[in-house]
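Number of protein chains: 2
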Amino acid sequence: MNMIVQKFGGTSLADVERIKAVAAKVATTRREGHSVVVVLSAMAGETDRLLGLAKTFSRQPSGRELDALLSTGEQVTTALLSMALSEEGITAVSYTGSQVRILTDSAHNKARILEIDERKIRNDLDAGRVAVVAGFQGTDRNGNITTLGRGGSDTTAVAMAVTLGAEECQIYTDVEGVYTADPRVVPDARRLEQITYEEMLELASLGAKVLQIRAVEFASKYLVRVRVLSSFEEGPGTLITTEEDIMEQALISGVTLNRDEAKVTVVGVPDRPGVASTILEAVAGANIEIDMIVQNTGADDTTDFTFTVHRNDHTATLEILNGLTDALGARGVEGDNKIVKISIVGVGMRSHAGIASRMFSALASEGINIRMISTSEIKISVVVDEKYSELGVRALHQEFDLGENED
Amino acid sequence: MNMIVQKFGGTSLADVERIKAVAAKVATTRREGHSVVVVLSAMAGETDRLLGLAKTFSRQPSGRELDALLSTGEQVTTALLSMALSEEGITAVSYTGSQVRILTDSAHNKARILEIDERKIRNDLDAGRVAVVAGFQGTDRNGNITTLGRGGSDTTAVAMAVTLGAEECQIYTDVEGVYTADPRVVPDARRLEQITYEEMLELASLGAKVLQIRAVEFASKYLVRVRVLSSFEEGPGTLITTEEDIMEQALISGVTLNRDEAKVTVVGVPDRPGVASTILEAVAGANIEIDMIVQNTGADDTTDFTFTVHRNDHTATLEILNGLTDALGARGVEGDNKIVKISIVGVGMRSHAGIASRMFSALASEGINIRMISTSEIKISVVVDEKYSELGVRALHQEFDLGENED
Chain A
1 MNMIVQKFGG TSLADVERIK AVAAKVATTR REGHSVVVVL SAMAGETDRL
51 LGLAKTFSRQ PSGRELDALL STGEQVTTAL LSMALSEEGI TAVSYTGSQV
101 RILTDSAHNK ARILEIDERK IRNDLDAGRV AVVAGFQGTD RNGNITTLGR
151 GGSDTTAVAM AVTLGAEECQ IYTDVEGVYT ADPRVVPDAR RLEQITYEEM
201 LELASLGAKV LQIRAVEFAS KYLVRVRVLS SFEEGPGTLI TTEEDIMEQA
251 LISGVTLNRD EAKVTVVGVP DRPGVASTIL EAVAGANIEI DMIVQNTGAD
301 DTTDFTFTVH RNDHTATLEI LNGLTDALGA RGVEGDNKIV KISIVGVGMR
351 SHAGIASRMF SALASEGINI RMISTSEIKI SVVVDEKYSE LGVRALHQEF
401 DLGENED
Chain B
1 MNMIVQKFGG TSLADVERIK AVAAKVATTR REGHSVVVVL SAMAGETDRL
51 LGLAKTFSRQ PSGRELDALL STGEQVTTAL LSMALSEEGI TAVSYTGSQV
101 RILTDSAHNK ARILEIDERK IRNDLDAGRV AVVAGFQGTD RNGNITTLGR
151 GGSDTTAVAM AVTLGAEECQ IYTDVEGVYT ADPRVVPDAR RLEQITYEEM
201 LELASLGAKV LQIRAVEFAS KYLVRVRVLS SFEEGPGTLI TTEEDIMEQA
251 LISGVTLNRD EAKVTVVGVP DRPGVASTIL EAVAGANIEI DMIVQNTGAD
301 DTTDFTFTVH RNDHTATLEI LNGLTDALGA RGVEGDNKIV KISIVGVGMR
351 SHAGIASRMF SALASEGINI RMISTSEIKI SVVVDEKYSE LGVRALHQEF
401 DLGENED
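Protein chains in written order, with the working numbering: chain A, 1 to 407; chain B, 1 to 407.
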């Protein structure tokens with residue numbers, strides 16, 4: 001009797017018919033002899049509806065009260081799914097985060113799970129019942145309702161799988177798995193059978209929105225096998241697991257495109273210690289997150305300091321730095337929000353030299369000028385002009401033989 | 001510093017503007033120096049919406065899951081009101097039934113309150129915070145969410161007032177208090193300043209829908225002063241208290257009209273022991289509630305056995321009894337669903353003879369024929385033809401000098 005955790009997101013629970021379809025899927029898994037724990041999000045749109053309601057009362061509602069409000073979303077879906085399962089002949093029991101006792105810290109709206117009490121759930125599974133658990137929420141030591149932040153249901157599912165020692169944590173979404181590139185950009189993009197945690201982390205943070213980063217980190221830490229699959233189509237999805245479990249590791253797993261960034265350059269900064277930190281502290285002090293950072297020492301004693309921020313923060317960042325140019329002794333500040341970031345990700349590049357040069361020459365052969373470069377152990381990112389977005393992604397997808405036709 | 005419990009029902013919380021108005025009212029009470037505990041229902045229509053949703057999954061949803069679902073309604077209003085209070089400059093904390101720990105038995109959908117843990121609420125009040133508690137819900141010993149049944153929020157409010165020793169439990173509704181008669185029927189009906197628990201119980205069970213019967217029983221048992229008042233109009237409302245607290249007790253407090261009943265007569269039943277119980281058991285066995293019962297011994301050895309049921313149950317009741325006539329040796333079964341019940345209520349009738357004869361002659365002088373009579377210590381009810389509804393109520397209202405103009 002294997003134990004499986006199945007998590008369904010908001011689009012899988014958007015209306016009565018879809019909830020019934022989820023019930024049918026869970027019932028099938030149960031009938032196949034598995035023990036099943038289900039973790040649910042709120043119905044699509046419900047969290048936004050509740051947030052909107054809160055905003056009509058307060059521009060900045062209390063975190064505690066917001067969590068109390070938002071947590072009703074999953075309480076509704078878990079109760080409804082339990083009813084639907086019962087109609088399928090499956091005995092099911094719904095739980096809020098507090099009822100399970102998913103203990104979190106007290107950081108409202110972005111709480112972290114500290115501990116899950118498995119006793120009630122274990123009891124249900126032993127008795128053949130399906131446990132239907134509200135994702136995204138928990139309770140702190142004082143009994144206050146907390147939420148884990150957007151996408152937190154993935155984290156609940158993985159944490160539940162860790163606690164129970166589940167064989168697999170299945171994350172049902174509206175896509176059929178993790179792809180080598182966005183199929184809307186690259187028509188012959190291919191679903192990956194398997195991928196490592198590390199690669200998934202890079203892909204998740206680069207904009208492949210199938211799975212929350214925190215959930216992948218959690219899974220990676222405790223080596224939980226996570227499978228991303230579609231709640232609308234049959235199929236094996238993509239298994240996220242350790243490198244050791246993957247027999248034939250591809251060189252590159254995927255190409256990602258991030259359109260949300262903008263570039264900022266502080267031009268002609270004196271090349272002396274402390275300049276970078278002065279710039280970054282000023283930006284961070286305004287709660288603006290910085291992604292890529294590049295600094296080149298120039299011929300004279302000055303340097304250009306370049307970094308990227310979210311496009312929404314671009315104007316604010318330029319304003320902050322314009323106010324700093326005198327103090328920095330910089331010549332000026334330049335901005336560009338017509339750029340994109342293209343990355344290739346793959347654990348295979350650890351052991352293979354020359355990946356970067358293949359990437360750059362593939363882009364060059366399409367006439368694409370690289371504006372910034374940043375590398376990590378399993379990822380190379382470049383910033384290019386926005387107009388080259390699709391061309392760049394397709395060139396790299398082909399260069400590394402990622403397509404369906406190239407198998 | 002007096003403590004007050006204020007309960008607001010669904011119509012007082014129907015939309016954003018009304019919730020803001022409730023917040024303003026609570027804030028005023030708090031600023032006047034009172035400690036305030038607020039008990040809330042769900043937004044008007046929300047419970048029905050959730051019930052409808054449940055029915056799309058199951059004709060008879062699990063009681064446990066239904067309670068988990070329905071309890072979200074008050075969780076939403078308590079969080080929203082706390083936000084609204086915060087905008088009024090009042091620190092407020094919302095609580096679900098589980099969070100307070102309103103311990104109930106495990107009878108889902110109609111649970112009874114066993115115990116309320118007052119510690120968190122007391123802490124809040126001591127610190128000057130307003131506690132906003134979800135009505136209608138609690139938790140059983142195993143942590144399952146329970147609900148108290150329709151109108152249960154009144155019961156929560158009174159129970160909270162008992163636990164905390166509140167000076168007054170204020171029930172805000174969409175009427176300005178308890179009236180001597182329905183103002184739509186009797187234009188000069190008068191709001192009662194005060195009324196006893198006993199009278200309120202009779203009025204509540206007779207169709208004056210301002211307050212749930214269980215809440216009045218609870219208040220009566222623990223002698224909590226309850227005040228019914230409007231959330232839309234300023235005014236003192238009606239105070240429900242002990243007979244001793246009411247200085248000038250009127251003879252009759254009010255006249256009520258119940259249009260929901262229908263009459264059933266089993267004609268020519270042999271006058272021997274066990275007949276009544278055979279009839280009543282058959283009806284009760286179909287979960288049909290019986291209200292008035294009248295039996296007259298006739299001239300021969302047979303009797304007519306008459307009782308009233310809810311109009312919705314009339315047809316079913318007739319069918320059951322038609323199937324029993326042979327076994328009973330009865331001549332037949334007759335039904336009439338064009339009847340109403342008119343009652344007068346007042347603790348004053350205990351010490352004054354002749355109330356019944358005044359009532360009957362007032363009806364007779366209007367040519368109204370009385371079809372059934374039933375009396376209790378502080379109430380006299382008659383069944384008359386439906387067409388006499390308004391005429392009968394007005395005649396009695398005038399007979400007992402209940403109107404505004406007769407003070």
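Quick caveat, the hints were computed from the structure, so don't treat them as lab data.
Fair warning: there could be bad hints in the mix.
Unchecked claim - Once the Cα atoms are required to be at most 35 angstroms apart in a straight line, the calculated DSBU-like pairs of lysine-lysine come out as:
1) A:Lys-25 with A:Lys-110
2) A:Lys-55 with B:Lys-20
3) A:Lys-120 with A:Lys-110
4) B:Lys-221 with B:Lys-110
5) A:Lys-20 with B:Lys-221
6) A:Lys-110 with B:Lys-25
7) B:Lys-25 with B:Lys-120
8) B:Lys-120 with B:Lys-110
9) A:Lys-387 with A:Lys-338
10) A:Lys-20 with B:Lys-120
11) B:Lys-120 with A:Lys-110
12) B:Lys-338 with A:Lys-55
13) A:Lys-110 with B:Lys-20
14) B:Lys-55 with A:Lys-25
15) B:Lys-20 with A:Lys-120
16) B:Lys-110 with A:Lys-120
17) B:Lys-55 with A:Lys-120
18) B:Lys-25 with A:Lys-55
19) B:Lys-221 with A:Lys-55
20) B:Lys-110 with A:Lys-25
As the list claims (entries may be wrong) - In silico contact screen, one side only, chain A against chain B (beta carbon under 7 angstroms); selected entries:
21) Val-16
22) Leu-51
23) Gln-60
24) Thr-91
For every residue, glycine included, the Cβ atom is placed at its ideal position computed from N, Cα and C.
We went through each hint and held it up to the structure:
{"no.": "1", "hint": "A:Lys-25 with A:Lys-110", "verdict": "holds, 31 angstroms"}
{"no.": "2", "hint": "A:Lys-55 with B:Lys-20", "verdict": "holds, 13 angstroms"}
{"no.": "3", "hint": "A:Lys-120 with A:Lys-110", "verdict": "holds, 25 angstroms"}
{"no.": "4", "hint": "B:Lys-221 with B:Lys-110", "verdict": "holds, 20 angstroms"}
{"no.": "5", "hint": "A:Lys-20 with B:Lys-221", "verdict": "violated, 47 angstroms"}
{"no.": "6", "hint": "A:Lys-110 with B:Lys-25", "verdict": "holds, 33 angstroms"}
{"no.": "7", "hint": "B:Lys-25 with B:Lys-120", "verdict": "holds, 23 angstroms"}
{"no.": "8", "hint": "B:Lys-120 with B:Lys-110", "verdict": "holds, 25 angstroms"}
{"no.": "9", "hint": "A:Lys-387 with A:Lys-338", "verdict": "holds, 8 angstroms"}
{"no.": "10", "hint": "A:Lys-20 with B:Lys-120", "verdict": "violated, 40 angstroms"}
{"no.": "11", "hint": "B:Lys-120 with A:Lys-110", "verdict": "holds, 24 angstroms"}
{"no.": "12", "hint": "B:Lys-338 with A:Lys-55", "verdict": "violated, 52 angstroms"}
{"no.": "13", "hint": "A:Lys-110 with B:Lys-20", "verdict": "holds, 28 angstroms"}
{"no.": "14", "hint": "B:Lys-55 with A:Lys-25", "verdict": "holds, 21 angstroms"}
{"no.": "15", "hint": "B:Lys-20 with A:Lys-120", "verdict": "violated, 40 angstroms"}
{"no.": "16", "hint": "B:Lys-110 with A:Lys-120", "verdict": "holds, 24 angstroms"}
{"no.": "17", "hint": "B:Lys-55 with A:Lys-120", "verdict": "holds, 27 angstroms"}
{"no.": "18", "hint": "B:Lys-25 with A:Lys-55", "verdict": "holds, 21 angstroms"}
{"no.": "19", "hint": "B:Lys-221 with A:Lys-55", "verdict": "violated, 43 angstroms"}
{"no.": "20", "hint": "B:Lys-110 with A:Lys-25", "verdict": "holds, 33 angstroms"}
{"no.": "21", "hint": "Val-16", "verdict": "holds, 5 angstroms"}
{"no.": "22", "hint": "Leu-51", "verdict": "violated, 12 angstroms"}
{"no.": "23", "hint": "Gln-60", "verdict": "violated, 9 angstroms"}
{"no.": "24", "hint": "Thr-91", "verdict": "violated, 9 angstroms"}
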